[in-house]
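2 protein chains.
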Amino acid sequence: MSHYPSSILNLIRNLSKLPGIGEKTAERLSMHILRMPIREANELAHSILELRENVRLCSLCFALSDAEICNICGNPERDAALLCVVGQPAEMVAIERSGSFRGLYHILQGVLSPMDGIGPDNIRIRELISRIEEGQVREVVLATSTNVEGEATASYIAECLKDYPVEVTRIASGVPIGGELKYVDQVTLGRAMEDRRTF
Amino acid sequence: MSHYPSSILNLIRNLSKLPGIGEKTAERLSMHILRMPIREANELAHSILELRENVRLCSLCFALSDAEICNICGNPERDAALLCVVGQPAEMVAIERSGSFRGLYHILQGVLSPMDGIGPDNIRIRELISRIEEGQVREVVLATSTNVEGEATASYIAECLKDYPVEVTRIASGVPIGGELKYVDQVTLGRAMEDRRTF
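Residue numbers (the numbering used here), protein chains in the order written: chain A, 334 to 532; chain B, 334 to 532.
Careful, some of the hints might be misleading.
[Claimed, not checked] Keeping only pairs whose Cα atoms sit at most 30 Å apart, straight-line, the calculated DSS-like set for lysine-lysine is: (1) A:Lys357 with B:Lys495; (2) B:Lys357 with A:Lys350; (3) A:Lys357 with B:Lys357; (4) A:Lys350 with B:Lys515; (5) A:Lys357 with B:Lys350.
Simulated from the structure, these hints should not be mistaken for lab results.
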């Protein structure tokens, strides 16, 4: 590798840090970036910079957003009485893709994982309770993954909410147990949303 | 996909244009870039911009270079009497990696390929002849690939150089070192047999 000019070596080194991209792939991508139209190369670079400049967390639901309030929270047609709780933004995207939910979301930005030192104070549970205390929410759909951490997180939240005047439901286990929510097909996800049951 | 903010969609779209990167991989890479330290994300973006700003072709050998003259052409310890001719920068890098050559290079920036409309005037053959006319080169090693185009290019250059006072050689073809004879293709084996040498 060291026989390339330093500008190429830098790019190879930086691309190699990305998951699933080894040195050979990084070399091939760098050669491609060197040959692609300069406009496209600039667009690629600027889209990385803009991503990091523009993307923040929605101040209501903690979804990834380009603005203070995300598109979903800011949409008056969404049902503010229905709140779907997920661990990660990609899980929200998966549910949106299934088209089976017309309420709002709450992204915990993680799930309980004592092994990794992630407790209730490290994820957005307090903010979830504040939203419920505002009184608009009638039903909380717990849609964390069905793996151990996701189930534990759902149980914990159900316990926290038991004294509030909200119905707490869990997505139906049409979702394969042990599966990662973001990889589930949209028909299965849609069914799981329809069949949600009282927790 | 359309449920992500536009900054994320832009990056996914731009990454998807790279060879071997589909939409799913682009989504996964974008999420990683969103979470990596901001310093690393900026470095990645700037290394793309710097690549396109800094990398040019060496004005002597047409290798990829950060400067007017590349590191190899500018190195007084390299043997200027030995000139190795290759088609692409990656071939030069492969030979440098082998550590088997201490002379200079000439990168043709292509090989003859009448099917693709690439003739002698489209690659750096005229510049190669100019370098030889300067009189310093004693031996030209033709190290283009051993496929049809590479062989044709080597033959054409050998013909062009036959009236110049330089020795013209071709890299040896044969059975790869460490290879199982039974898996070697018959053309290679035939060539290895023809070119057999005294033990």
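Now for the hints, and whether the structure bears them out:
{"no.": "1", "hint": "A:Lys357 with B:Lys495", "result": "violated, 39 Å"}
{"no.": "2", "hint": "B:Lys357 with A:Lys350", "result": "holds, 18 Å"}
{"no.": "3", "hint": "A:Lys357 with B:Lys357", "result": "holds, 21 Å"}
{"no.": "4", "hint": "A:Lys350 with B:Lys515", "result": "violated, 39 Å"}
{"no.": "5", "hint": "A:Lys357 with B:Lys350", "result": "holds, 18 Å"}
Checked against the numbered hints above, the structure breaks hints 1, 4 and satisfies the rest.
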